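Chemist: Now for the letters of each chain:
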Amino acid sequence: MAHLFEKIQRYSTALQMTPLGIALLLFLIGPIIVILITSFWKFNGFLTIPDFTVRNYVKLFTSGLTLDNYLETIRIAAIVWITTTVLGFIIAYYLVFDVLSLKAKMLLFLLCVVPFWTSGVIRMIAWIPFLGKEGVINRVLMSIGITDEPLEFLLFSEFAVILSYVHVFTLFMVAPLFNTMARIDPALIEAARDNGAKGWQILLHVIIPLCKPGIAIGTIFVLSLTLSDFTAVRLLSGANVGTVALSISNQIGSYNFAYSSANSLFLLIVLLLIVGGIMRLVDVRKQL
Amino acid sequence: MSVSKRKKTNSVSRRTVLKGTAAAAGVGAAATLGGFPTVWAQDLKDITIRQLGLAVSNMDPFAKMATDALGFTVEQTAVDLGTVGNRGITQPKSFDLLEPAYMQFKFVWPTGNFQPVDVNRLSEWDKVSGIYKESGKGWDDAWLGDGQRPNSVMYVDGAGSDFKAPGSTDQVAAMPILHNADTLGIRPDEIGRPISSWGELLNDEFNGKTALVGFPAIGGMDAAMALEALGLVSYADKGNMTKAEIDATFKQLIEWKKKGHFRALWTTFNESVNLMLSGEVVIQSMWSPAVTAVRAKGIPCVYQDLKEGYRSWSLALMIPKHVEGKKLDATYDYLNWYLSGPAGAFFAKQGYYVVTPENTKKELSPEEWDFWYEGKAAATEIRDPFGNLLEKAGAIRDGGSYKNRMGRVAVWNSVMAENEYLTEKWNEFVAS
Numbered sequence: 041m042a043h044l045f046e047k048i049q050r051y052s053t054a055l056q057m058t059p060l061g062i063a064l065l066l067f068l069i070g071p072i073i074v075i076l077i078t079s080f081w082k083f084n085g086f087l088t089i090p091d092f093t094v095r096n097y098v099k100l101f102t103s104g105l106t107l108d109n110y111l112e113t114i115r116i117a118a119i120v121w122i123t124t125t126v127l128g129f130i131i132a133y134y135l136v137f138d139v140l141s142l143k144a145k146m147l148l149f150l151l152c153v154v155p156f157w158t159s160g161v162i163r164m165i166a167w168i169p170f171l172g173k174e175g176v177i178n179r180v181l182m183s184i185g186i187t188d189e190p191l192e193f194l195l196f197s198e199f200a201v202i203l204s205y206v207h208v209f210t211l212f213m214v215a216p217l218f219n220t221m222a223r224i225d226p227a228l229i230e231a232a233r234d235n236g237a238k239g240w241q242i243l244l245h246v247i248i249p250l251c252k253p254g255i256a257i258g259t260i261f262v263l264s265l266t267l268s269d270f271t272a273v274r275l276l277s278g279a280n281v282g283t284v285a286l287s288i289s290n291q292i293g294s295y296n297f298a299y300s301s302a303n304s305l306f307l308l309i310v311l312l313l314i315v316g317g318i319m320r321l322v323d324v325r326k327q328l
Numbered sequence: 069m070s071v072s073k074r075k076k077t078n079s080v081s082r083r084t085v086l087k088g089t090a091a092a093a094g095v096g097a098a099a100t101l102g103g104f105p106t107v108w109a110q111d112l113k114d115i116t117i118r119q120l121g122l123a124v125s126n127m128d129p130f131a132k133m134a135t136d137a138l139g140f141t142v143e144q145t146a147v148d149l150g151t152v153g154n155r156g157i158t159q160p161k162s163f164d165l166l167e168p169a170y171m172q173f174k175f176v177w178p179t180g181n182f183q184p185v186d187v188n189r190l191s192e193w194d195k196v197s198g199i200y201k202e203s204g205k206g207w208d209d210a211w212l213g214d215g216q217r218p219n220s221v222m223y224v225d226g227a228g229s230d231f232k233a234p235g236s237t238d239q240v241a242a243m244p245i246l247h248n249a250d251t252l253g254i255r256p257d258e259i260g261r262p263i264s265s266w267g268e269l270l271n272d273e274f275n276g277k278t279a280l281v282g283f284p285a286i287g288g289m290d291a292a293m294a295l296e297a298l299g300l301v302s303y304a305d306k307g308n309m310t311k312a313e314i315d316a317t318f319k320q321l322i323e324w325k326k327k328g329h330f331r332a333l334w335t336t337f338n339e340s341v342n343l344m345l346s347g348e349v350v351i352q353s354m355w356s357p358a359v360t361a362v363r364a365k366g367i368p369c370v371y372q373d374l375k376e377g378y379r380s381w382s383l384a385l386m387i388p389k390h391v392e393g394k395k396l397d398a399t400y401d402y403l404n405w406y407l408s409g410p411a412g413a414f415f416a417k418q419g420y421y422v423v424t425p426e427n428t429k430k431e432l433s434p435e436e437w438d439f440w441y442e443g444k445a446a447a448t449e450i451r452d453p454f455g456n457l458l459e460k461a462g463a464i465r466d467g468g469s470y471k472n473r474m475g476r477v478a479v480w481n482s483v484m485a486e487n488e489y490l491t492e493k494w495n496e497f498v499a500s
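Just so you know, the sequences run in chain order A and B.
Mapped onto the working numbering, the consecutive letters of the first sequence carry residue numbers 41 to 328.
Mapped onto the working numbering, the consecutive letters of the second sequence carry residue numbers 69 to 500.
None of these hints come from the bench; they were simulated from the model.
There's no promise every hint is true.
Coverage of chain A stretches by chain B, computed from C-beta distances (three or more under 8 angstroms per stretch; other residues unrestricted) [as the list claims (entries may be wrong)]:
#: 1; region: 75–86
#: 2; region: 290–304
Derived DEER-like restraints, expressed as beta-carbon distance ranges [as the list claims (entries may be wrong)]:
#: 3; chain 1: A; residue 1: SER159; chain 2: B; residue 2: LYS365; range: 21 to 31 angstroms
#: 4; chain 1: A; residue 1: PHE270; chain 2: B; residue 2: PRO256; range: 28 to 38 angstroms
#: 5; chain 1: B; residue 1: LYS444; chain 2: A; residue 2: PRO169; range: 34 to 44 angstroms
#: 6; chain 1: A; residue 1: THR53; chain 2: B; residue 2: LYS326; range: 57 to 67 angstroms
#: 7; chain 1: A; residue 1: ILE186; chain 2: B; residue 2: LEU298; range: 34 to 44 angstroms
#: 8; chain 1: B; residue 1: LEU298; chain 2: A; residue 2: LEU111; range: 53 to 63 angstroms
#: 9; chain 1: A; residue 1: PHE270; chain 2: B; residue 2: ILE322; range: 43 to 53 angstroms
#: 10; chain 1: B; residue 1: PHE454; chain 2: A; residue 2: MET57; range: 51 to 61 angstroms
#: 11; chain 1: B; residue 1: LYS365; chain 2: A; residue 2: ASP323; range: 53 to 63 angstroms
In this text, all values refer to a predicted model and were calculated from it rather than measured experimentally.
Note that beta-carbon positions come from the ideal geometry of N, C-alpha and C, so glycine has one too.
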């Protein structure tokens, strides 16, 4: 009996991991393998034909468009990342250190989650009536005399895309930061203060270093969401800003599955490299 | 954004059952021809045909009308054009009837996922427009149009076969159902002067106030219509450009984009409507029902007749291979009903045309026929299929008569031989 129990215990970790393993294999690894295979197929302008050709990759790495797409995408991602990190840090800091009652903390945190009751796409579309030429913001600006002409850069622009990303993705930064900050032992801050540290010194030398894992997790969320999204680009830039995901979407729209597979796979690799780099810099496991 | 709605109509009334019996009698006759056992009304009632197509022609009231008329259930799901093609290529079992555009045939048909439609089983075939027959024209003095004419990708001899000469076989890849002609939609109140050429799409006056349709192939052709009208680029065939022509087109487009000319590139019906409604653009490529939708909100919008003609499109119904037996019989019943008149009247009032105009005429009042097809001033109030007032007496349909539209096709919606190159250039245009 004891023997059997030991045996089960020995394999219990493996057993517990099996359901998730199967799900990941079927719904994540499987499709990626299909994409990998398709990326070596041939497209004749109309049909995707089974083949083994590196033509798609040669095209990908020699096309000037690839570089333009990546530069634009990385630019947008960087702006979104910096903005969401600063905002996320301020919000999390306020929730953890300035709001004293635990009930109020939880209530305010839940309030941050409320917008997530609607879909992300809806929250993106909701910006259109605000930002348009005849939208709320332009009307207000013109009625109080700040501008004479509607500001066109507000909608169908890179600005609109970044704004909607910041709006939708900031919470992905707030949540892990809130989690990390809440774990900081108040005694550490007291100790720093007792040793004569000023407010900004405590922030710089105590709180921010301890928040690194939270920032890392938030960064992974924000970057992967930003790099892979094309909905906001489609809707808020009027499909007018050349990001990697929009290019892929246009290739799929032209039924070029082979080239779009190669393109998607490369984007995935870039993303994995970024995530790998972050994991190397910061020990995210500390959080778990 | 893709609009995806699942629509199901399932109503059984005494009338339905009666009509169902009548329809079943018809199916029985057809079934005997095909060598199948007679289909009984009881069996038929349980059949559901799941149609997948665009929002312009897949809607609840229409599915209900078909269901009531046929005695089995017609279910329609509306998705965007790209999804129609993708589902046809990758998931042919997820529907019983696909409604692709002709420009998608070269992608969808060669997959072998579909069975040919036997024209001998189509009771209304002789009334189908000449556009889909050997001549490729609805009448003698009609323009043929550049690009991929529907009849060039229609006639086949077996599932997935090459396309044969128009009219040379009894099998078609799909049964044509609808066509119309696209042009520029304009806001006459904002523009305040007559517009008569595609070239106006690239007029500095409308900098930042224009939009193009965002499907690379179609947007490219609209740009070509404008560039050719302005004499900036000339084309041997706008619907099948050479690499050099594509280069010249996008060199121009990128210059215009740098000046901030294009406000947006739209990909769904609703986006194009909203661009017009919200005052973001005053001139853009548009679909006819989208213009109607703008006007329905009280904003003036004209589907502008232009001297260079129209860019036309057509939709058809393609039957996947898995449909067989009674379900296939029911499908042919539905196809025959589609061309028999009531559907024609329904869609005429939405502003586009079922391919059998004679049958549509039988189902419209003479006043409606004169308004929608003859381009004459409305003798009475004109209402949509749901009874909403569209136009008061005296109004004239913009875009003119059926002959003016479908007789002046400058180019058919096409996918070019250089499709891959065009998409690459389009992405460069977007990234510029």
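Chemist: So, for every hint listed, does it hold in this structure?
Modeler: Hints, one by one, checked against the model:
no.: 1; hint: 75–86; result: holds (count 3)
no.: 2; hint: 290–304; result: holds (count 8)
no.: 3; hint: SER159(A) - LYS365(B): 21 to 31 angstroms; result: 25 angstroms, holds
no.: 4; hint: PHE270(A) - PRO256(B): 28 to 38 angstroms; result: 34 angstroms, holds
no.: 5; hint: LYS444(B) - PRO169(A): 34 to 44 angstroms; result: 39 angstroms, holds
no.: 6; hint: THR53(A) - LYS326(B): 57 to 67 angstroms; result: 59 angstroms, holds
no.: 7; hint: ILE186(A) - LEU298(B): 34 to 44 angstroms; result: 38 angstroms, holds
no.: 8; hint: LEU298(B) - LEU111(A): 53 to 63 angstroms; result: 33 angstroms, violated
no.: 9; hint: PHE270(A) - ILE322(B): 43 to 53 angstroms; result: 21 angstroms, violated
no.: 10; hint: PHE454(B) - MET57(A): 51 to 61 angstroms; result: 56 angstroms, holds
no.: 11; hint: LYS365(B) - ASP323(A): 53 to 63 angstroms; result: 57 angstroms, holds
The structure is inconsistent with the numbered hints 8, 9, although it conforms to all the rest.
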